[in-house]
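Asks: Sequence:
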Amino acid sequence: MSQDTLLDRLLRLDTTTVSDALDFLGLPGATVGILPLWQCPRIVGLASTIQLGPKVDSKPTVHLITPVIAAINSKDRILVITGGKEGISCWGDILANASHVKGIRGTVIDGFSRDIEANEEIGYPVYGRGATMISARNRVIQIDSGTPIQFAGVTVNENDFVIADRCGTVFVAADKIHEVLDLAERIAKRQDGMVQAVRSGRSVQDIMHDKEFEAINVGDKK
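To convert, note that position 38 of the sequence shown is 60 in my numbering; the numbers rise steadily by one, no gaps.
Errors might be hidden in some of the hints.
Taking lysine-lysine pairs in the DSS-like style, the calculated list, with each CA pair at most 27 Å apart, reads [to be verified]:
hint : residue 1 : residue 2
1    : 77        : 97
2    : 97        : 198
3    : 97        : 81
4    : 107       : 81
In short, the hints are calculated from the structure, not lab data.
In this text, all values refer to a predicted model and were calculated from it rather than measured experimentally.
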């Protein structure tokens, strides 16, 4: 199955359902506190990982993240950035515009962004821990990219799958995506049925009993 097909399937889900599938399978991937920094749409894509760190000398450097943006030549990428400093921006309007031109799907940051209105103006999705006005220049540099990173307690590898929406940000390891999608789709189908049952007047106490969720786990493939 092509990556485009997998991404299309992931886009039809939401982070809560994917998180539930990871829970059932005993897999990591769900994070807490990485939220949309404007009312941006849900995004799914493949991770381009970026590791930042504090600048420790006064030597001039290439601006962080720009080499990664310049190297991207596909339309399925999400920038996944970690290693910033509390209250210091890891993202801004020029980076957003460059990414938008390249067709990058969005940016998720275990840290802070500035220029939120500029991102919104061009419709570029950005997720993070909050907004700030303080520049990264001479404070934070790019240390590495394309390597495994620690992001909000989750190990994220280059080309892992990313989904982010108003509830947060979730990662799925590339070698687990088929298993996670299959289960998440069953969960979504079962939960849709449970919602309809509640609306029809059935007891929510019965509908949300543990046995109903256990039935999803064992595999409701109808």
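Asks: Now tell me if each hint is right for this structure.
Replies: Cross-check of the supplied hints:
no., hint, result
1, 77 - 97, "31 Å, violated"
2, 97 - 198, "22 Å, holds"
3, 97 - 81, "34 Å, violated"
4, 107 - 81, "19 Å, holds"
Hints 1 and 3 from the earlier list are contradicted by this structure; the remaining hints agree with it.
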